[in-house]
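For the protein sequence lines, the chains are E and U, in the order given. Number 237 in the working numbering belongs to position 229 of the first sequence; there are no gaps in the numbering. Number 194 in the working numbering belongs to position 87 of the second sequence; there are no gaps in the numbering.
Quick caveat, the hints were computed from the structure, so don't treat them as lab data. Each hint should be verified, as a subset may be incorrect.
Dumping the calculated SDA-like pairs for lysine to any residue here, alpha-carbon to alpha-carbon at most 20 Å [what the hints assert, rightly or not]:
{"#": "1", "chain 1": "E", "residue 1": "342", "chain 2": "U", "residue 2": "224"}
{"#": "2", "chain 1": "E", "residue 1": "316", "chain 2": "U", "residue 2": "145"}
{"#": "3", "chain 1": "E", "residue 1": "342", "chain 2": "U", "residue 2": "166"}
{"#": "4", "chain 1": "E", "residue 1": "270", "chain 2": "E", "residue 2": "226"}
{"#": "5", "chain 1": "E", "residue 1": "316", "chain 2": "U", "residue 2": "139"}
{"#": "6", "chain 1": "U", "residue 1": "166", "chain 2": "E", "residue 2": "346"}
{"#": "7", "chain 1": "E", "residue 1": "342", "chain 2": "U", "residue 2": "228"}
{"#": "8", "chain 1": "U", "residue 1": "201", "chain 2": "E", "residue 2": "308"}
{"#": "9", "chain 1": "E", "residue 1": "342", "chain 2": "U", "residue 2": "233"}
{"#": "10", "chain 1": "E", "residue 1": "38", "chain 2": "U", "residue 2": "135"}
{"#": "11", "chain 1": "E", "residue 1": "312", "chain 2": "U", "residue 2": "146"}
{"#": "12", "chain 1": "E", "residue 1": "38", "chain 2": "U", "residue 2": "216"}
{"#": "13", "chain 1": "E", "residue 1": "199", "chain 2": "U", "residue 2": "220"}
{"#": "14", "chain 1": "E", "residue 1": "38", "chain 2": "U", "residue 2": "134"}
{"#": "15", "chain 1": "U", "residue 1": "201", "chain 2": "E", "residue 2": "181"}
{"#": "16", "chain 1": "E", "residue 1": "199", "chain 2": "U", "residue 2": "216"}
{"#": "17", "chain 1": "U", "residue 1": "166", "chain 2": "E", "residue 2": "226"}
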Amino acid sequence: MITLDQVQSASATFLQEKWGDGVEVTNIEKIFGGASRETYRLSLLVDGEKRGVILRRDPPSSLIDTERELEFGAYARIYPTDIPVPEPLFLVNDKKYLEQPFSVMGAIDNCQTDVSLLSVQQKDKLGTQKYTLLGKLAAKNPLDLRFDELLPVPDLNRCAIEQLTYWQGVINDDEIHPQPIAQAAIRWLHKNLPAAAQKLAIVHGDYRTGNFLFNDEAEITAVLDWEMCHLGDPLEDLAWSLDPLWSWEEPHLAGRLIPVEKAIELWKESSGLECAPQNLHWWRVFVALKAIAIWISSSENFEKGESKDSILAMAGWVMTDRQSRILLGYLVPKEAIV
Amino acid sequence: MIPNTDDALRMLSQRLMTQLLPDLRSTYSLSDGALIGLLMNAIADETAEGINRRLEDLKEMRQIFDSATSLLNDEQKADIANTVESYRLADVNKLHDAYTRVLIDVHGRCESDENMQTLNNQIWAYLQRHAERHTIRGMP
Chain E
9 MITLDQVQSA SATFLQEKWG DGVEVTNIEK IFGGASRETY RLSLLVDGEK
59 RGVILRRDPP SSLIDTEREL EFGAYARIYP TDIPVPEPLF LVNDKKYLEQ
109 PFSVMGAIDN CQTDVSLLSV QQKDKLGTQK YTLLGKLAAK NPLDLRFDEL
159 LPVPDLNRCA IEQLTYWQGV INDDEIHPQP IAQAAIRWLH KNLPAAAQKL
209 AIVHGDYRTG NFLFNDEAEI TAVLDWEMCH LGDPLEDLAW SLDPLWSWEE
259 PHLAGRLIPV EKAIELWKES SGLECAPQNL HWWRVFVALK AIAIWISSSE
309 NFEKGESKDS ILAMAGWVMT DRQSRILLGY LVPKEAIV
Chain U
108 MIPNTDDALR MLSQRLMTQL LPDLRSTYSL SDGALIGLLM NAIADETAEG
158 INRRLEDLKE MRQIFDSATS LLNDEQKADI ANTVESYRLA DVNKLHDAYT
208 RVLIDVHGRC ESDENMQTLN NQIWAYLQRH AERHTIRGMP
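For reference, chain U alone in the conformation it holds in the complex (with noise of 0.2 Å):
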């Protein structure tokens, strides 16, 4: 087992650029496997802190429905009732997607609203939280 993935990852990565892209003759092939070394080292990262940055998203979007509970029917509803089936990405991803859909639903119909503002930028604050979340690192 290699207990601590992303950093197996950066390794690797880092083998890749430094050791075995040198001995390359085609550009083309340098440049396309000094990008996947780029990658691989994002790779790393999400996979350190991606599931956990998806339920800090969740966290924040359970909060901004108990403030639009009104807004919400009955669809919507079941969809934010749902918590995750497992810690698997793919589980994660799911229930993060139905999260959004509705927040997108709702951020549409409180933007116009004046009498809606409140929630409004409280979902604007939550989507700069969140890309800043998932700010990849590292990239030229």
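So here's chain E without its partners, still in its complex pose (with noise of 0.2 Å):
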């Protein structure tokens, strides 16, 4: 295990490396949260001038299989348009610093993600702009960005049952205990499948609020976490964000912010794309499942002892329960309601 001086010491290295001498590095935070990477905030002084840049490192294990040149490559390409990201620095995959890849961003500050303690003014606002985002991702060309570059690129008639598929797979591969909820919801999504998809979207993969920063006055200043990003159908990301999971307490609204309706209304405004229910419905079932799947990998790296992470166990436990009963909600018929 790397300890924080260690990645103190070498990340002062690797950055004067690039930026010279005069490279200093005065602190360094461990950000809890991040499963997928380590998440660390570094305080820099660059001759003289202070910075802060985020350095994510590879950990053993994750919650998500992903590749490092994905997620960066997703934030050079969104960096330059009106989606607000980190600036993309550096992709480290030598692991002579960190004994593990890396990469590096410029932070972003004063600004934060818990939505908890805002006022009704400043959720609908922070909704407002969050969906309106959405809708615009939706309606760019991913080959525009050059995202065929680094993504497979599905047919519109295959974005479900390629999701599908894939996910259905990390389920049976990592499952500790036999999922029979999450199983019946994926005999339901084969008899089901949607439309195709109306047109090929980039597809971020973790739309949800947690996942993006804002700032004092409830601006969105950085949408964070693309290690999921994907081409494909532009009802998936809309479908994620409205998970109930995300708003536990308060199903009722997306992501702890707006009704879902009004969500829906401004996505469909800001990208100029259709949301027929029965599309939406299938992929808020799908969401779901993907979701319970990434649970499930979680709890198995907890369990298998690749990584002891807390918040590994609580996903692999306190989610895969939530998440099938948000699975039973879509799928329950009305006669089997007790």
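Build the complex: two chains, separate frames, hints provided.
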């Protein structure tokens, strides 16, 4: 296990190689919650000027088996657009510095992710931006941004089945105990595949409250965590953002911010796309299953001892429980409700 | 001997969160410790009730299989003929997994058959009670 002092020292060496001897790492802090990467905030002096960077280091195990190149590549392609993301600086696959690959991005100061203490007005402002931005992302042509150099390009009529097949495989490979609710969902999803995607979209893959930064004026300053980014149906991101798990105590709200109906209208207006209820419903069932797959993977990592991060245990146990109940809400026939 | 292990875990969790964590300087360790404290509370509940919850599941699944004997093959019949070897968690889990695999198969075969909707609804009802039984309380 690498210590905080080791990260500070090695990152100073690396940054001096890149930016010269005038770089000093004056403070380092490990950030809690980034289950897919170890995340550190570094305060720097660069030739006497203060600057902050975020360093994300691959752990031996993570919630999601992702490629760091994908995440960094997504940041690099989105950074010049009107979707705010941190500035991507370095992607380092060489393990000589920190024993694992890592990436470095510009830090965004004076920002937060927790919406729980915001006023209703602030939540409305944030929610409006959140769904307007998501609509803008959905409207973009991924090929214009060279995402086809980074990611496979699915046929529009295969976006759903390819995603379902992938995440079904994760569940079957990683489950520690058989999952009767998830298996019922898999069968339902196969029998009720949605219409072809109306366009090819950049799908963030984890667009939810908690994965964007905002400032004191309740303005979104960066959308984070692009590691599950892929090309596919734009409804997938909308459905993921609306999952009741992200608004557990207030399921009528989208991500604890604004009513679900308003979120959908904002997305439609901003993207110029349609949102057929039956297609959105399929994607909502799918994202609940995808989430279960992620939580099951985290359980497997925790159980096998690949990582003893408490957030993996939390995800693998509590989130699987809640997500299974969400699926029941979608799937139980009326006559079988107890 | 600690007679009530679940209470002991709850007390230790409380001590961790109210007396030890406030002395930590690192916000990372503070957040990690708080999550561990919450998980300890959930584990305390599981320690007290986990075996019983699984036994209730097994009892209900057996009732479902009694209504579905015509759907079961010989291997499945042998699986559900087994009973718990002991009340060790590992043994109870092993049987629970075996029963659940049979349940998944039966569910998949009856859900699309109009003549088996009573059985289908019986399984959905069980899944709802199972989820409710295993709900993890007291988590944010």
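Going through the hints against the structure:
{"no.": "1", "hint": "E:342 with U:224", "result": "holds (12 Å)"}
{"no.": "2", "hint": "E:316 with U:145", "result": "holds (15 Å)"}
{"no.": "3", "hint": "E:342 with U:166", "result": "violated (24 Å)"}
{"no.": "4", "hint": "E:270 with E:226", "result": "holds (18 Å)"}
{"no.": "5", "hint": "E:316 with U:139", "result": "holds (11 Å)"}
{"no.": "6", "hint": "U:166 with E:346", "result": "holds (18 Å)"}
{"no.": "7", "hint": "E:342 with U:228", "result": "holds (9 Å)"}
{"no.": "8", "hint": "U:201 with E:308", "result": "holds (17 Å)"}
{"no.": "9", "hint": "E:342 with U:233", "result": "holds (14 Å)"}
{"no.": "10", "hint": "E:38 with U:135", "result": "holds (6 Å)"}
{"no.": "11", "hint": "E:312 with U:146", "result": "holds (18 Å)"}
{"no.": "12", "hint": "E:38 with U:216", "result": "violated (50 Å)"}
{"no.": "13", "hint": "E:199 with U:220", "result": "holds (14 Å)"}
{"no.": "14", "hint": "E:38 with U:134", "result": "holds (8 Å)"}
{"no.": "15", "hint": "U:201 with E:181", "result": "holds (18 Å)"}
{"no.": "16", "hint": "E:199 with U:216", "result": "holds (13 Å)"}
{"no.": "17", "hint": "U:166 with E:226", "result": "violated (52 Å)"}
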